[in-house]
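Residue numbers (my numbering), protein chains in the order written: chain A, 1 to 328; chain B, 1 to 328; chain C, 1 to 339; chain D, 1 to 339.
A couple of the hints might just be wrong.
[As the list claims (entries may be wrong)] In silico BS3-like cross-links for lysine-lysine, where the CA-CA straight-line distance does not exceed 27 Å:
| # | chain 1 | residue 1 | chain 2 | residue 2 |
| --- | --- | --- | --- | --- |
| 1 | D | K179 | B | K47 |
| 2 | B | K51 | D | K308 |
| 3 | D | K308 | D | K47 |
| 4 | C | K308 | A | K47 |
| 5 | B | K203 | B | K47 |
| 6 | A | K51 | C | K179 |
| 7 | C | K308 | C | K47 |
| 8 | C | K308 | C | K277 |
| 9 | D | K308 | D | K277 |
| 10 | A | K203 | A | K317 |
No lab work stands behind these hints, which were simulated from the structure alone. On a predicted model such as this, the values are computed, not experimentally measured, just so you know.
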Amino acid sequence: MAELNILEAIRLAMDEEMERDPDVMLLGEDVGRKGGVFGATEGLWAKYGDKRVLDTPLSEALIAGAAMGAAMYGLRPVAEMQFADFVYPAFNQIVSEISRLRYRSNNSFGLPIVIRMPYGGGVHGALYHSQSNETYFTSTVGLKVVAPGTPADAKGLLKASIRDPDPVMFFEHKKVYRLFRADVPDGDHVVPIGRADVARPGKHLSIFCYGYMRICALEAAEMLAREDGLEAEVVDLRTLRPLDTETLLASVARTGRALVVHEANRFGGFGAEVAATIAEAGFESLDAPVTRLAGPEVPGVPYHHNLEDWFMLNPAKIVEAARSLAAY
Amino acid sequence: MAELNILEAIRLAMDEEMERDPDVMLLGEDVGRKGGVFGATEGLWAKYGDKRVLDTPLSEALIAGAAMGAAMYGLRPVAEMQFADFVYPAFNQIVSEISRLRYRSNNSFGLPIVIRMPYGGGVHGALYHSQSNETYFTSTVGLKVVAPGTPADAKGLLKASIRDPDPVMFFEHKKVYRLFRADVPDGDHVVPIGRADVARPGKHLSIFCYGYMRICALEAAEMLAREDGLEAEVVDLRTLRPLDTETLLASVARTGRALVVHEANRFGGFGAEVAATIAEAGFESLDAPVTRLAGPEVPGVPYHHNLEDWFMLNPAKIVEAARSLAAY
Amino acid sequence: MAELDPASALGHRELGLTDEDVLSMYGHMLLARAVDERMWLMQRAGKIPFIISGQGHEAAQVGTTWPMRRNQDWMAPYYRSIASAITFGMSAEDIITAHLAKGDDVSSGGRQMPGHYGAARNNIVSVSSPVGTQVLHAVGLAMGAWVRGDDMVAITSFGEGTSNQGEIHEGMNFAGVHKLPVIFVCENNGWAISVPLERQVGGLSVAARAEGYGFPGVTVDGGDPLACYAVARAAHQRAQRGDGPTLIEARVVRLTSHSSDDDQRRYRDPAEVEELKEHDPIPFFSNRLRAAGLLTDEADAALRAEIKTEINEAQAQAEARPDPDAATAHRWVYAEGAD
Amino acid sequence: MAELDPASALGHRELGLTDEDVLSMYGHMLLARAVDERMWLMQRAGKIPFIISGQGHEAAQVGTTWPMRRNQDWMAPYYRSIASAITFGMSAEDIITAHLAKGDDVSSGGRQMPGHYGAARNNIVSVSSPVGTQVLHAVGLAMGAWVRGDDMVAITSFGEGTSNQGEIHEGMNFAGVHKLPVIFVCENNGWAISVPLERQVGGLSVAARAEGYGFPGVTVDGGDPLACYAVARAAHQRAQRGDGPTLIEARVVRLTSHSSDDDQRRYRDPAEVEELKEHDPIPFFSNRLRAAGLLTDEADAALRAEIKTEINEAQAQAEARPDPDAATAHRWVYAEGAD
Ligand SMILES: Cc1ncc(C[n+]2csc(CCOP(=O)(O)OP(=O)(O)O)c2C)c(N)n1
Ligand SMILES: Cc1ncc(C[n+]2csc(CCOP(=O)(O)OP(=O)(O)O)c2C)c(N)n1
Ligand SMILES: [Mg+2]
Ligand SMILES: [Mg+2]
């Protein structure tokens, strides 16, 4: 057991997987000598060399497309998009190509690719260094989408993603990279893709969240317990696609109330799927409408802290929404 | 009043708007001399010349990005993506740039751009000539998204889109281009963006749909009335973003049952938003779970007609879903 | 006396090709053409809803893929690559089966449209429709070999309209930076559906772009399979030596409309369309082989008859294969058993 | 006697520039540098969380934008374009206000990060972060003018790392096809954050790419504002004549780390960093002006003092402006009243 922050856990997962399997390689902008703009790959270039830790030109389509070619050749590329905001030039490769190859080739080719992307706001990054754009990928069939909220999950899910035979979009919230340290099991700690985690049990309502929102929701749950005597169950989805509907529905069956929380904007956001699933399959359990709490309908996080604070979700906003829902 | 099919209505709308406003120009692949691969721009190159009906190179990012530059300069570009399936190389321009410029420039710049895209399956187009990828755009703040299902709406909504001060993604279902003719009002027939159309009133359940699904849903409603005595209300959303929640909720208030139908895959599809909205704001009206009927979870429409038929929705599948919902 | 041997004028021996080799190249061209023509017939007969043709591109395709080593090198082709696919090891039956979208079609089990070849067993990357994407896959394959230190050369092909996709720029630049073992073949037929070269390609030369990436670009007569072979062989050697990529622009003709959905008379000068036949690479090469004394009328007729039989059989076998079963349509979105 | 006039050695008169003009260019460079330095101070003082700098690029920026006609031509700049923005008409106060993200900041009302300039009133397209997108906007502006038949020339700038984005290829090609009135300026400082030219640009020359699009590419010493002016003026004239685009690659130095979040000592040779100062365009031009007899120590000191006052005032005024009001944060997603 080591006490690590999420960034360290991610680095460790890559390091261990590269040691274990010579086919694992990293590529992306500034991942080599600099070790990544957030330091996620620090030390790996020195350890594994120029080719297995490859600084690419400033060309995101190339990063994704070359990863696909290399994966067909038998490698297991772990690509970094410097910010999730800059994945769009690679969108054609990811959505037209990477997500479909197994299906369209009738299983002749599979693509064990991981695309790591730092995402999320609250870091003074404004419209283009703050995006939570997971929705574009959660609605894309053929991809898996993962968003850990703890150091142990970051390590275990990244290892599972690297070993997965299919492409995984791996979302790392920038705000939690160094927010706290926690125990991370040593060695082969693999957290299976596709299972949610009941981060805190409760009986009055369920809060569904992921990434940074896990931390906010847990804090909100503390406040609700302390100030209102409300026991909120916090369910960290961890994997957004495939979604662990079983755990979701079991939670709603216990609590009768569902609050879905994410930082991305509300309209058409991932929460819509979670809410629609619960509303349809959990209809009989619901004592109140499935409620979504999400980022506002603006095209990005505005920069000035007055505006950014307005944009960002936080424990207080979750508490408020939970109170209304509990009072329904 | 003229009897037109949807393709003719679209062509007429562009022609009339180009006549009315010299700043309206068309650009895209093969839109000039050939008149577009579906014939949507036939005759316009001869009438308006090389520059206002501009054949671009095979470069979708250029099409979108140049439209943006031209719009800043004061033109009103109507861009065609040859198939919705091929919009991804332009995704960065549409999502990073076009959707955000007004907001990020604090209203210094606005972008009156229309991006027309033939979409949808059932035309033997397989994975890359059949996509219903509206979800990527309906979840993008700053865009408007329109998908007409009748010739009159095609004309009226395209005119509204061309006159709109903001970017509009205009989805044209390929299967209905020439499927039928219907009356289209002459001249300045403008259908406002943002209003759904109750295509058929009913009292037992509401079917929400758009594009080709309007036709399927109306046929299904006929069958339900005939065979089951069920009166389905068919609501054609027409505009997906902004969504006409008022009309939606009013319909559910009348019927107590909602069936959301679209061809795109279900998980994270646009129907999730419609369902989540109804489940939240229409909770008290619902006598049964909001139900979604959508395309299957595969990464595209497979080609062979056995497989394509399996994929596509049709009136019979809608009838079946409506029956279960009504029986709930 | 070499100077009296008409065959030596063909120049193939200097390229290391035997008489048999050039006849085999010719045979591949004929076979590709025959498959192609048969598919148009099947399309007109209503057996195939759509076809997209390689007619006019055969010399370029056979010539550029000839130096590639089967089951060692890789190819990321495009929708006109019938002759390339055949040279790489796909059979006439494979191609026809794919067009009939049969359940056991090696390319996609009936999931992809006609023209979307691919076969893992032949190191042929499955074609998808968005033009140009395959160029990055070839670069990625080459990167994979470079990372592992393998002796592998990747080849990829695309049209001149497609050369204007941004992804091609990103791929070529990266290949230039690391001198990756990849050969880029632009089959320039002068048209991207209805848009002519002059409205597609600034500067009118695709080959000229290579210099900007630090590797050679060569223009070659795509109607001459030996000329194409010569440049591709040099490119293959260059790649193997670790000297990096080559961009080959093969000037070819599109003998047909863009596809069975298109009618080129709507936008192409009738005189130009009329003249196209004169640039057909098949009679061109056939005549050269005759002039070189390598082919007689009888041998040609025999070869064609043999191919016709092959195609007839291929069609019969392909048609007899089972259609895909809708019960399998949901499969292989992900590796099975994985989630 | 012209040959005895040291000022004539500067060569500016042949370029149609007066003595006043070159001094004004120098003044713009000084002003840009002074704003830039001030912002680093403000960053260190905790007033600005992040800054991205144009230091080392000033000569290239002032030189290339100098021929552009204010309020007629358009510019699509990038995040290092402080000197370009100033030459195009933005004030020091505008720039500082943007960095403080004040509510009435002309660029974005406090919505965008530092370094994201823009002003509709100055025909300056608002900078966004994904690198290279602006190149297509400049091409689109030029296309707009071409469609309308207007006399307008667009200019856009970007780094050499950015030159590898696919969008740049698509834009340059299209501009080449239609000979659009646009000037592409690549400010090549040898680094894209930590990745050096050799790992970014196949062939090492961005200018070399222009030929592949059918228009000229020129490499120029980006430390020399007059050399930059000369090529940009020729490019501007060319564009106005309808002869099409020009790609200018200005070789510059990045005097600072990539941004205030970066530390270039982690990846850049200390000797190289040490040597950078010798390539600073400001002393270079200052010395040339002195040698030409156009600038004295006193005049230089006076100019710098004037600029310092301007900056002090700009900062004071900018700081006094109101912060954005969260109540307006939801506005201007769409035109208001429109839906
Ligand atoms: C990204 C994308 N955009 C548009 C299309 C539609 N399309 C298919 S082929 C084609 C023309 C291709 O021309 P070229 O590259 O010259 O190849 P050719 O067909 O002439 O061999 C177009 C526009 C597509 N398949 N993909
Ligand atoms: C599409 C995209 N990918 C990545 C980034 C992150 N990023 C910002 S600047 C930069 C380096 C740019 O280098 P260069 O083009 O040489 O310009 P310079 O900063 O040296 O002037 C990178 C990678 C980005 N802004 N946009
Ligand atoms: Mg072509
Ligand atoms: Mg640089």
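Given pair status - K47 of chain C, K308 of chain C, alpha carbons within 27 Å: holds (19 Å)
Straight-line alpha-carbon gap K203 of chain A to K317 of chain A, limit 27 Å: Answer holds: K203 of chain A to K317 of chain A is near 20 Å, not above 27 Å.
Distance restraint between K179 of chain D and K47 of chain B, which requires alpha-carbon spacing of 27 Å or less: holds (24 Å)
Holds or violated: K308 of chain D to K47 of chain D, with C-alpha atoms at most 27 Å apart: This hinted pair holds, its Cα atoms lying about 19 Å apart.
Pair hint K308 of chain D and K277 of chain D, alpha-carbon separation not exceeding 27 Å: With Cα atoms ~22 Å apart, K308 of chain D and K277 of chain D stay inside 27 Å; holds.
Restraint status (C-alpha distance of K51 of chain B to K308 of chain D at most 27 Å): violated (49 Å)
Restraint status (C-alpha distance of K203 of chain B to K47 of chain B at most 27 Å): Violated, at roughly 49 Å.
Pairwise hint evaluation, K47 of chain A against K308 of chain C, where the allowed Cα distance is 27 Å at most: Given that 27 Å is the threshold and the Cα spacing comes to 59 Å, the pair is violated.
K308 of chain C paired with K277 of chain C [C-alpha distance capped at 27 Å]: holds (22 Å)
K51 of chain A paired with K179 of chain C [C-alpha distance capped at 27 Å]: holds (13 Å)
In this structure, the earlier hints numbered 2, 4 and 5 are contradicted, and the remaining ones agree with it.
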